[in-house]
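Colleague: Using the hints, put the two standalone chains together into the complex.
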Amino acid sequence: MSSAAMADRETQTRLFGFWIFLMSDALIFALLFAIYATMLHATDGGPAGKDLFDIKSTLLQTAVLLLSSFTFAMVSLNLEYRPQRLRYLVAWLAASLALGLAFIALELNDFHTLMAQGATAQRSGFLSAFYALVSTHGLHVAAGCAWLVLLLIQVKVFGLGPVVKRRLQCLALFWHFLDVIWVAIYAVVYLQGLSG
Amino acid sequence: MNDSATVWLSWLGRLDYTALPLYSGVAAAAAALVLLVALSVVVLISVKGWWGYLWREWLTSLDHKRIGIMYVVLALIMLMRGVIEAVMMRAQQAVAINSPGYLPPEHFSQMFSTHGTIMIFFMAMPFLTGLINFVVPLQIGARDVRFPLLNAITLWLTVAGAMLVMASLMLGRFSTGGWSGYPPFTEVDYQPGVGPDYWIWALTLSSIASTLTGLNFAVTIYKDRCPGMILMRMPLFSWTALCTSILMIFAMPPLTVATLLLALDRYLDFHFFTAGHGGNVMNFVNLFWLFGHPEVYILILPAFGVFSEVFATFSGKRLYGYKSLVWASVAITGLSFTVWLHHFFTMGQSAGVNAAFGIATMLIGIPTGVKIYDWMLTLYRGRVRFSVPMLYAAMFLMLFVIGGLTGITLSAPPVDYQVHNTVYLVAHFHNMLIPGTLFGLLAGYTYWFPKAFGFRLNERWGRFAALCFGVGFLLAFMPLYVLGVSGMARRTQAIVNPEFAPLLWVAGAGAALLSLGLTCLYAQLYVSIRQRRRTAVPLGDPWDGRTLEWSTPAPPPPYNFAVLPPIHDRDPCTWLKEHQRISPTDFAAIQLPNNSAMPIILGAAAFVCAFGLVWHIGWAAAGGMLAAWVAVIARSFVRDTHHVISAEALRQAHARHLQQAQQTVAVSRDQEHSPLNHGLAQVQP
Numbered sequence: 000m001s002s003a004a005m006a007d008r009e010t011q012t013r014l015f016g017f018w019i020f021l022m023s024d025a026l027i028f029a030l031l032f033a034i035y036a037t038m039l040h041a042t043d044g045g046p047a048g049k050d051l052f053d054i055k056s057t058l059l060q061t062a063v064l065l066l067s068s069f070t071f072a073m074v075s076l077n078l079e080y081r082p083q084r085l086r087y088l089v090a091w092l093a094a095s096l097a098l099g100l101a102f103i104a105l106e107l108n109d110f111h112t113l114m115a116q117g118a119t120a121q122r123s124g125f126l127s128a129f130y131a132l133v134s135t136h137g138l139h140v141a142a143g144c145a146w147l148v149l150l151l152i153q154v155k156v157f158g159l160g161p162v163v164k165r166r167l168q169c170l171a172l173f174w175h176f177l178d179v180i181w182v183a184i185y186a187v188v189y190l191q192g193l194s195g
Numbered sequence: 000m001n002d003s004a005t006v007w008l009s010w011l012g013r014l015d016y017t018a019l020p021l022y023s024g025v026a027a028a029a030a031a032l033v034l035l036v037a038l039s040v041v042v043l044i045s046v047k048g049w050w051g052y053l054w055r056e057w058l059t060s061l062d063h064k065r066i067g068i069m070y071v072v073l074a075l076i077m078l079m080r081g082v083i084e085a086v087m088m089r090a091q092q093a094v095a096i097n098s099p100g101y102l103p104p105e106h107f108s109q110m111f112s113t114h115g116t117i118m119i120f121f122m123a124m125p126f127l128t129g130l131i132n133f134v135v136p137l138q139i140g141a142r143d144v145r146f147p148l149l150n151a152i153t154l155w156l157t158v159a160g161a162m163l164v165m166a167s168l169m170l171g172r173f174s175t176g177g178w179s180g181y182p183p184f185t186e187v188d189y190q191p192g193v194g195p196d197y198w199i200w201a202l203t204l205s206s207i208a209s210t211l212t213g214l215n216f217a218v219t220i221y222k223d224r225c226p227g228m229i230l231m232r233m234p235l236f237s238w239t240a241l242c243t244s245i246l247m248i249f250a251m252p253p254l255t256v257a258t259l260l261l262a263l264d265r266y267l268d269f270h271f272f273t274a275g276h277g278g279n280v281m282n283f284v285n286l287f288w289l290f291g292h293p294e295v296y297i298l299i300l301p302a303f304g305v306f307s308e309v310f311a312t313f314s315g316k317r318l319y320g321y322k323s324l325v326w327a328s329v330a331i332t333g334l335s336f337t338v339w340l341h342h343f344f345t346m347g348q349s350a351g352v353n354a355a356f357g358i359a360t361m362l363i364g365i366p367t368g369v370k371i372y373d374w375m376l377t378l379y380r381g382r383v384r385f386s387v388p389m390l391y392a393a394m395f396l397m398l399f400v401i402g403g404l405t406g407i408t409l410s411a412p413p414v415d416y417q418v419h420n421t422v423y424l425v426a427h428f429h430n431m432l433i434p435g436t437l438f439g440l441l442a443g444y445t446y447w448f449p450k451a452f453g454f455r456l457n458e459r460w461g462r463f464a465a466l467c468f469g470v471g472f473l474l475a476f477m478p479l480y481v482l483g484v485s486g487m488a489r490r491t492q493a494i495v496n497p498e499f500a501p502l503l504w505v506a507g508a509g510a511a512l513l514s515l516g517l518t519c520l521y522a523q524l525y526v527s528i529r530q531r532r533r534t535a536v537p538l539g540d541p542w543d544g545r546t547l548e549w550s551t552p553a554p555p556p557p558y559n560f561a562v563l564p565p566i567h568d569r570d571p572c573t574w575l576k577e578h579q580r581i582s583p584t585d586f587a588a589i590q591l592p593n594n595s596a597m598p599i600i601l602g603a604a605a606f607v608c609a610f611g612l613v614w615h616i617g618w619a620a621a622g623g624m625l626a627a628w629v630a631v632i633a634r635s636f637v638r639d640t641h642h643v644i645s646a647e648a649l650r651q652a653h654a655r656h657l658q659q660a661q662q663t664v665a666v667s668r669d670q671e672h673s674p675l676n677h678g679l680a681q682v683q684p
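If you're matching them up, the sequences are chains A and B in order.
In case it helps, numbering that gives the first Met the number 0 puts the first sequence at residues 0 to 195.
In case it helps, numbering that gives the first Met the number 0 puts the second sequence at residues 0 to 684.
Quick caveat, the hints were computed from the structure, so don't treat them as lab data.
None of the values given here were measured: they were computed from a predicted structure.
We put the beta carbon where it would ideally sit given N, CA and C, even for glycine.
One or more of the hints may lead you astray.
[As the list claims (entries may be wrong)] In silico negatives: residues of chain A with every beta carbon more than 12 angstroms from chain B:
| hint | residue |
| --- | --- |
| 1 | Arg84 |
| 2 | Leu107 |
| 3 | Ala171 |
| 4 | Val187 |
[Claimed, not checked] Computed cross-link-like contacts, EDC-like style, restricted to lysine to aspartate or glutamate with a CA-CA straight-line distance of at most 16 angstroms:
| hint | chain 1 | residue 1 | chain 2 | residue 2 |
| --- | --- | --- | --- | --- |
| 5 | A | Lys164 | A | Glu9 |
| 6 | B | Lys222 | A | Glu9 |
| 7 | A | Lys164 | A | Asp7 |
| 8 | B | Lys316 | B | Asp568 |
| 9 | B | Lys222 | A | Asp7 |
| 10 | B | Lys316 | B | Glu577 |
Isolated chain B (complex conformation) (with noise of 0.2 angstroms):
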């Protein structure tokens, strides 16, 4: 038996003492941290008694809008440990001009890797799909997405990619590749630990829930939108949420096969992506962009459609120009498709080959151009409230214009050749990823909150957070773009020019304010759930909403509609509003699926295996695998798979509702933040 085999088959593999994180007492201390806030967690859970309740009404639910909430729930908890990371490297290259600092460079490679994992992967992306899980089937009129299992599937293989990259702060080390892990150093001669292996896995596990997400959200949106509610009539972020769809259904497999393909070069000694023997490194990073460049509309096209809505509600006007958002929402998801090469402009293609893909890329331009002066139009001659979502959606507008220009300099090659690899691109990406996608989620978040919990979120905690983002990201950004210029390498660990010093001072009082912003974001949370009875707002319409999502009581009851409303217009609460509330006598009885314990099973088995993996260990692996698949045919045998909500029921629900609203007083938008707002919009005459 060779050494590799005893490896698999011994009970820990590979996994021994010199897996904890030792090596560095700031890695320690947050693996301790860590560990610390998770026992807390569960103690406090288990002191309280909380279990049965969270088992039976969230871990094993398979409503659309509970798993939505646990989508952000984990977004919010990754974005914590990203953003400290931000600021660590940023405090790093603060401090490290012509002296070591205080990360060795290892970890802070390693810490440039997990950020960039964790944002885009485990913030970003659970994040925008949660927003689209909660809104879109209310969006739309519809009762449930079209797979509700597969849907909680995804989210459990989602949280288990997410704790393998926590996992890897405790036990062995995350990847120095970065977050884009190109061979040939991520390959077994550079790097034989178990870094690299956890990001594969990681991302493995991610990328095939989002594969499926997309599939699941684009046949409910194909299939099952109310009558009425043609695609012409669906609001922009059901559109956004249907282009992100379709990217992910065709974005993702490329990732997964580059990350199954460097686990096969790793694992088994194949030679897609080795130096030598045949190994060819230019497919990992076609495959990898291949995915790479969509993906990044997957991020911005849900913020988008968030900021849509923002504009038209907060301006209390019909959003401008819905057509050519809608194609221009369309084309975007087109030409994404077109442009990954401009990742690599250096690597050697010929001049006409980079020629080509930068006037691709400079086309984007266009359809961006367009919504931008679509919003500006909403904006006009509206009645606008500088409300939190709209403050987002305003420094959206100016910051993200900056950003795209800065990302039209990098289409053009010659450019390109001279800021690649640069701090001047890492500008860029977070001038389009904080301003564009990260201000969009928290709009997002802010603006459904009242609908998702009945209560609305503390105005001034968010607006003094949202001011914090807005500046935090200019001083830590805006200085990046001159050092970039003037040649300060990205991914660097010690500074050797000190004239940089100053600008790299600022990017860190911007990295601390940022991670103030973050605090303000949990302290509202904390401040809103106390103050939870004053800013209740029962009857679902905080902010005159104008799309269907906003006529259903706030939480929305498990079957969303007691009766689907009709669909005459592209505002559809308006137009109910307008017309007086009708009172649906025809009530039908509806099935609603049954909770599951089997995504959360299946999930768990997930991450077991791919621990195994990461680690050789043999039985974890194989038995991680086996578990899995004996939870997807155990279920298929369920024959009792749905329950039935009598029309009673829905009558009575809908009866209390209606009663409800009778008591309630209409407020006018200047009582929007007021204790007066129930959620009942008064008429605008």
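Same shape as in the complex, but just chain A (with noise of 0.2 angstroms):
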């Protein structure tokens, strides 16, 4: 077997592996969303859904999220077939970046609202499920800015070999993962919140 092909043939397994990867972590999300579902009216007489979310703030960081996928994907289109003007790759990266990072902080200032009403995780058994499954993807976010950021490092100090490239598509696959992630968070907790 040429080295080509058997770094492609690496790459393969290595994707499949991620996508197995992506499979139980799905199953987290499942969980949380299942748990989410049974404590909706376990308010213990405080605030609900419907009092709480901020339906302009959660469709910004839907819209802010989503388009930071369509900038990922320009990230692996680029890879696939512009890898050697490394500028278009590291700016569309940047931006994703930035809109990843406008998202956590979205959603941060959104838990401090809802904090500064009393409607903390403390709260209730609802509030509780709350924040876990909402502050679950947002950390899944946040570690796929961290690891965005080791990226960008790598393909500075080692340019795009096999190795980086490998990863950068593995990274792409875990961002799209979380935008499908929020898509079903936004209509199960934002939606279905304000319409119950």
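Modeller: Encoded structure:
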């Protein structure tokens, strides 16, 4: 087997492994969703979703995150078709990072507003489940951002070898996966909460 | 600054001299003993100057075979503690009849909690993971697992979890909430101490490690089989390893979620499982058994795999009903996710729901029954050799059926209502886990030991151990069925019904016999190492094995196969023997992973972090977490991760092996246990 073919096989296998990791991670979110669903009415006399959630802010978060999916798709396209023009790749990566950080900032701002109203995780089972689900996603996004910074450094240090390329492909999967989870959070937590 | 922050920021958190186990003489003695043994091991290694060798060859190794062996070593160490605790509990129940006995209630409760936690997570899981690690790549013709570094990381995370449970013996007390740790009893309101925290972090480490192990093996088996090793030619052990891996990937996350949410309750005052404030205990129960039921199949499937290999090899026959065994394993894997509710029939769901889960539970008896018949038909008209692995297998075949039948009785909700929470249940699951899992693991240990180390285990000590385990199991657990039906509650520290006494004495004698069996097991290891020259099997095929691992020398070289062997048959080693050894000529250089200190550093950091979390020591918790991530990130910058073994070196090594084979006399099966057996099997005409 040629070394290029071997590197390709290695990439395929690693991506397969990463898919399996994502399936396991998806299960964690599924369980948190299930717990959230069972605790919707466990408000212990405290506020429920419709008293708390802000449709504008969460819509903005959704827009920011979905836009970052677009910019990350541009990263993948550049990786595939224009790897020699590193500048573009880095620019799209930086854009994704900025959007990811903006999302986290918006989410933290939301949490801050909620807590100022006394809606802390300690208030009720419902709010415990809410914070656990949404901030598990938020922590994943933060981890994705940290990973992105690390890979920017590695692109700088090593260039775009097969190893760094492979890692960028895994991060792309992770990034889109988090968007899919967010869409579910937006529907199940915020839209359902405000309609109910 | 509030009190809690003051604790987190202080040097030792909640840790002070009251953490020492001075509350009971038994606990103090146990802690002193463990400390003494650990210290003497350290002193011994230092005096002999073995640290360098250990570090280079073992602790930093990424070789799947060495990692597998280290897993089994961990399991054998933890098995000792688990069995000692079992004997102590049996002794307590045998003497505490209308009297307080020698273990106070709180200590007794810690003991059944650590016993279950250790036996499941730090004995059975590492043991089976170790066997899978050692055997599967050899069986499927791979040179290593797919992610060798991850493999070492999962080992050291498991070790960190085990060390945390050991630390609980010396500092503070363990949870008294049982191995399943049901809240609200494990919430701060009822157990404000460190006990449940030890349990939470030990299980969290173990569950994360097992998830990643499952991932690693699933990818290895899907992607790294050698040419010709199609799925339907894969040995049964590798099939059950695949099923177990899939179960690990999907069944461990619920445990991780359960323990972490309980941690949020305990550390940050969340209300997931609290009594009041909207907490919902049933969520924990569902999460736990969503993990817990697949877990019992994680434990039993690899044992089924071992028995499938043992029955075929020691009957000198092809495995009967290969395809049905494969499909039965796959069916069990699927069904195992549909029955978790039978662990809590009595917790208030409707009769309809109970009936549905009861029927689903009974369904599992069908594929398991298929397996039993397949194994019996493998024995049928075989030339059965009652070596140690076969002894375990034969005892398993008989005893496991009893356990299965009592399981069917428990799957009927009306019966379960009568015997739930009694020792009938304890008898049932020990009936599955000892003759099933433990006998399977011990059979596998005996069967593959010569492959791992190049010499056989002593047969006489092995038989004696097997006999002790078999009879000891019967004496220890059959009485519990009777006691359970008579209404004796499980986890009882003192007995008020004197009529239970005689059967409890029998059970106590059984426990003593089981610990004698364990002693024989260690004695066997010692004697075998002393006799290793007489039992050496360098050619690697002492049992006339049928599957691919037996075609390699013992111990196998780091790269497993100089050239990947051709696979034309379901029993590739038998095929190779019948078609004469093919001498490969097309050697090509092999890449192998370099050793790495990162996994053991990561494990140590995880331990420090978890210990800090248990005792509310802020700097340790944060520092450990930080160190772990620094290790991961630093490693991602390492470029020089592989070394190459040249084609010439492979050619020479293979030539040496062939030369040795030519100078060795092949033995018939009658001479299997004689010193003449150097691991070259006579080909059956």
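Colleague: Return the numbers of the hints above that this structure violates; sort them in rising order.
Modeller: As far as the earlier hints go, not one is violated by this structure.
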